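Participant: In case you want the letters, here they are:
There are 2 protein chains.
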Amino acid sequence: MTQRQLKLGFILHGVGPGWDDWRHPDAQVDASTSLSFYKRQAQTAERGKFDYLFVADSVSINARSSPHYLNRFEPLTILSALAAVTEHIGLVGTATVSYTEPFNLARQFASLDHISGGRAGWNVVTSWLEGSAANFGKEEHLAHDVRYRLAEEYLEVVKGLWDSWEDDALVRDKETGQFLDPDKLHELNHKGAFLSVKGPLNISRSPQGQPVIFQAGSSEDGRSYAAKHAEAIFTHQNDLEEAKLFYADVKARARGFGRDPEQLFIVPGARPVIGSTEAEAEAKHQELASLVTLENALRALGRSFNDHNFSQYDPDGPFPQEVAAEGLKSNQSGSARVLELARQGLPLREIALRLATPRGQFVGTPEQIADRFQNWLEERGSDGFNLFEPLPGQLDLFVDQVVPILQKRGIYKQDYPGGTFRDTLGLPKPENRHTLARSRRSAA
Amino acid sequence: MTQRQLKLGFILHGVGPGWDDWRHPDAQVDASTSLSFYKRQAQTAERGKFDYLFVADSVSINARSSPHYLNRFEPLTILSALAAVTEHIGLVGTATVSYTEPFNLARQFASLDHISGGRAGWNVVTSWLEGSAANFGKEEHLAHDVRYRLAEEYLEVVKGLWDSWEDDALVRDKETGQFLDPDKLHELNHKGAFLSVKGPLNISRSPQGQPVIFQAGSSEDGRSYAAKHAEAIFTHQNDLEEAKLFYADVKARARGFGRDPEQLFIVPGARPVIGSTEAEAEAKHQELASLVTLENALRALGRSFNDHNFSQYDPDGPFPQEVAAEGLKSNQSGSARVLELARQGLPLREIALRLATPRGQFVGTPEQIADRFQNWLEERGSDGFNLFEPLPGQLDLFVDQVVPILQKRGIYKQDYPGGTFRDTLGLPKPENRHTLARSRRSAA
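Just so you know, the protein sequences line up as chains L and P, in that order.
If you're matching positions, the first sequence starts at 1 in UniProt numbering and goes up one per residue.
If you're matching positions, the second sequence starts at 1 in UniProt numbering and goes up one per residue.
Treat each hint with caution, since some may be false.
The list makes no distinction among identical chains, and a pair is therefore deemed to hold if it is satisfied within one copy or across any two copies.
With a straight-line Cα cutoff of 30 Å, these simulated DSSO-like cross-link-like pairs (lysine-lysine) come out [what the hints assert, rightly or not]:
no.: 1; residue 1: Lys228; residue 2: Lys284
no.: 2; residue 1: Lys251; residue 2: Lys159
no.: 3; residue 1: Lys174; residue 2: Lys228
no.: 4; residue 1: Lys39; residue 2: Lys174
no.: 5; residue 1: Lys138; residue 2: Lys184
no.: 6; residue 1: Lys429; residue 2: Lys39
no.: 7; residue 1: Lys49; residue 2: Lys284
no.: 8; residue 1: Lys198; residue 2: Lys138
no.: 9; residue 1: Lys191; residue 2: Lys228
no.: 10; residue 1: Lys429; residue 2: Lys251
no.: 11; residue 1: Lys174; residue 2: Lys284
no.: 12; residue 1: Lys191; residue 2: Lys138
no.: 13; residue 1: Lys159; residue 2: Lys138
no.: 14; residue 1: Lys39; residue 2: Lys49
no.: 15; residue 1: Lys413; residue 2: Lys49
Source of the hints: derived by calculation from the structure; they are not laboratory data.
As the structure is a computational prediction, the values presented were derived from the model and not from experiment.
All chains, full assembly: derive it from the sequences and hints.
Facilitator: Following this line, the structure appears as structure tokens:
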């Protein structure tokens with residue numbers, strides 16, 4: 001068996017993943033809507049042979065939202081722009097099944113896949129913020145389990161639309177005048193519990209056949225969904241032991257669904273803070289942590305609990321019991337992490353500040369970070385990482401100083417193989433369902 | 001008063017605006033999903049100082065659809081890609097109010113406006129093809145007048161979302177830690193006959209404040225809508241006399257709504273066929289017309305009549321009476337043109353072929369085309385044109401040979417003024433409604 005290689009994604013998050021990152025002296029305060037900022041990060045990540053760029057999303061804000069959520073590019077539009085100024089790197093965007101027409105979503109991702117020469121990926125999410133429904137004429141959110149049933153049906157519809165056209169449906173013979181082979185264009189005629197979509201899609205099958213499917217969410221429902229449908233799962237893991245349990249669980253589930261578990265990549269978020277010495281790295285982390293106020297840390301905590309107002313409690317007292325009881329209702333994996341810290345007896349202040357600036361496992365020198373990445377890969381804590389840039393300049397440091405070490409150790413690619421995002425990841429192009437059915441019919 | 005100047009748009013349509021244009025020897029058959037093709041056209045149009053690029057759209061197809069409708073990029077994604085490889089040209093995309101969530105639409109256009117440094121435009125349409133509803137879980141289309149009532153409310157919502165943030169809402173003071181001025185972020189709280197949207201939008205006010213509003217559709221409802229709301233109207237006019245009537249009518253309506261009619265641009269479609277001599281231009285037009293078969297011309301005709309099958313009639317007989325009677329139900333301005341030709345007693349074959357390859361008024365030498373453009377401008381038949389490229393290479397010919405004549409005559413800009421698409425068009429940036437209300441309150 002050949003050496004497994006780390007899959008690396010870079011998360012484009014504008015002003016930074018933390019609430020007050022924008023206050024750092026080197027931070028560009030208008031980064032979240034700056035094409036030149038996004039372009040520079042994208043091209044740097046491509047220089048570092050990253051497998052993909054990742055754009056997170058949400059669909060509601062209020063005046064108490066984090067700077068990074070408040071104001072930012074819509075994923076499909078910014079990824080399309082970046083497609084025109086990059087060549088190899090995958091382009092993964094988050095889009096919710098809750099409030100987007102599946103025809104429009106299937107079409108925009110197929111269009112991105114064509115524009116980029118086969119580099120699109122869709123991170124499938126169900127919306128979990130209560131405020132979102134009201135932006136879409138809905139009275140209330142669907143319950144957690146219902147959302148995942150919708151997500152199942154939705155993905156089935158989107159994949160069906162992506163298969164509307166067989167790969168060779170476009171004949172385009174100037175002599176005979178035949179543009180299309182009508183037998184190779186298919187209606188979907190889906191009528192399900194949640195959705196009704198006729199098809200066909202009005203864009204031909206894209207270079208990847210089907211854009212790569214990501215899933216973010218580590219709840220029970222989220223794990224099953226990922227194991228069944230996703231090709232990569234973006235997760236949060238606090239340490240290697242926890243990560244190994246998660247990894248083994250999800251891979252076993254994938255096997256249970258009859259899938260090859262090597263074709264489902266587990267990529268926890270990582271926030272490397274790189275210094276030339278361990279002390280320098282630690283000092284950089286402390287500098288970052290010092291930017292956030294207790295007030296904002298409490299707000300950030302509220303985000304996992306339906307915007308609950310935590311400022312009403314004594315910050316040095318315990319995590320409030322009544323909130324803990326309600327906690328599992330909304331963003332399950334988010335609130336679960338908080339509840340675990342609460343069970344450990346940490347005071348509210350400490351929980352809030354720790355979550356606001358997660359230290360993570362990757363504060364150190366380039367060698368130390370390479371060691372830990374290798375350790376997680378070899379111990380099967382992950383198949384790679386989804387990198388945040390917690391401090392300005394860290395992406396450049398990672399590309400210039402960590403990537404060469406990983407390459408030298410043979411656990412990271414020297415270059416892109418060429419072709420599509422699926423080719424980069426070593427994933428096969430899904431065969432078109434109608435082509436498959438035809439070849440089965442003629443074999444029978 | 002300064003000399004009025006022509007506004008020019010270029011329509012990106014991939015394999016060509018006509019059914020069988022792709023059969024031309026010089027045509028690139030995969031143009032409709034080729035980023036390099038779109039990029040080349042966009043950059044050529046920008047070299048020619050065109051005011052904007054225009055991407056048309058539709059949301060349903062079947063195996064009998066025209067090659068150009070069948071398979072093409074989704075507008076927002078391709079325009080975002082082109083934003084990254086152009087600098088000055090406006091980026092106008094069609095999107096239907098019928099089957100897109102207004103929050104998503106407002107957000108994607110605002111995102112495009114940020115990405116492009118203020119160059120976005122939205123061509124507001126209501127869907128008129130019967131097949132579309134079934135792609136969005138709907139049983140049937142809304143009636144024509146109801147669609148325009150929805151379009152009124154929808155635009156109101158979208159403009160309201162674009163005003164969610166006042167221009168100076170983002171304080172971003174690293175010292176004080178204040179990122180947002182919460183008094184300058186506003187919920188919309190819209191609850192109307194068709195839509196219910198809370199807001200605020202999760203992207204700050206874009207460089208243009210509001211992307212430029214286009215409208216395409218020349219029916220009674222369409223004219224009123226454009227006169228009331230649009231900053232440009234894309235129309236089809238067969239000759240200067242007809243165009244002058246339309247122009248006078250729409251401008252009078254705009255005046256009736258209390259608007260400055262000079263801030264509503266009327267841009268008929270034009271299909272220049274340029275030759276070094278008149279005879280060469282005419283021969284090129286004939287070459288183009290020879291590409292389309294009667295069968296496809298009849299199919300194209302069907303598109304304006306709910307995909308009616310015209311191949312069942314004697315092509316040398318008259319236009320079928322029963323279809324004429326039903327004609328005004330769907331795409332009103334499209335079918336109206338056909339019915340006018342039918343009243344003139346032309347046989348079905350002639351009507352179909354004439355519509356499949358419209359000759360238009362602009363077949364000739366560069367001087368002749370410049371003369372006619374100038375004539376339409378000065379006679380107030382139009383404020384400019386939305387250009388199709390009916391034959392490969394015509395855009396380059398136009399830019400290299402017609403543009404310099406127009407510039408020399410002082411009826412076309414020498415260069416972009418810099419700034420936003422609104423600056424290019426000479427349109428003011430709409431003041432934010434909340435900022436305006438505040439300044440009125442403090443003045444009172």
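Participant: For each hint, tell me whether it holds in the structure or not.
Facilitator: Okay, the hints, checked on the actual structure:
For the homomeric pair Lys228 and Lys284, neither the shortest alpha-carbon distance inside one copy (40 Å) nor that between copies (57 Å) is at most 30 Å. Taking the closest pair of Cα atoms, Lys251 and Lys159 come within 30 Å of each other only inside a single copy of the chain (23 Å); across copies the shortest separation is 47 Å, beyond that limit. Taking the shortest alpha-carbon separations for Lys174 and Lys228, neither the intra-copy value of 44 Å nor the inter-copy value of 45 Å comes in at or below 30 Å. For the identical chains of this complex, Lys39 and Lys174 are inter-copy neighbours only, at 24 Å across copies versus 40 Å inside a copy, given an alpha-carbon limit of 30 Å.
Taking identical chains as interchangeable, the C-alpha atoms of Lys138 and Lys184 lie at most 30 Å apart only when they sit on different chains, with a minimum of 26 Å there against 38 Å within one chain. In this assembly of identical chains, Lys429 and Lys39 lie within 30 Å of each other by CA distance both inside one copy and across copies; the values are 28 Å within and 27 Å between. Only within a single protomer do Lys49 and Lys284 lie at most 30 Å apart by alpha-carbon distance; the minimum there is 26 Å, versus 49 Å between protomers. In this assembly of identical chains, the alpha carbons of Lys198 and Lys138 lie at most 30 Å apart whether taken from the same copy (24 Å) or from different copies (10 Å).
In this assembly of identical chains, Lys191 and Lys228 lie within 30 Å of each other by CA distance solely inside one copy; the values are 22 Å within and 40 Å between copies. For the homomeric pair Lys429 and Lys251, the shortest alpha-carbon distance inside one copy (21 Å) is at most 30 Å, but the shortest distance between copies (54 Å) is not. Proximity of Lys174 and Lys284 under a CA criterion of 30 Å is satisfied inter-copy only: 18 Å between copies versus 63 Å inside one chain copy. For a Cα distance limit of 30 Å, the shortest separation of Lys191 from Lys138 qualifies both inside one copy, at 22 Å, and across copies, at 11 Å.
With identical chains, the CA atoms of Lys159 and Lys138 are at most 30 Å apart both within one copy (26 Å) and between copies (20 Å). Taking the shortest alpha-carbon separations for Lys39 and Lys49, both the intra-copy value of 15 Å and the inter-copy value of 25 Å come in at or below 30 Å. Taking the shortest alpha-carbon separations for Lys413 and Lys49, only the intra-copy value of 7 Å comes in at or below 30 Å, while the best inter-copy value is 44 Å.
Violated hints, listed in ascending order, are 1 and 3; each of the other numbered hints is respected by the structure.
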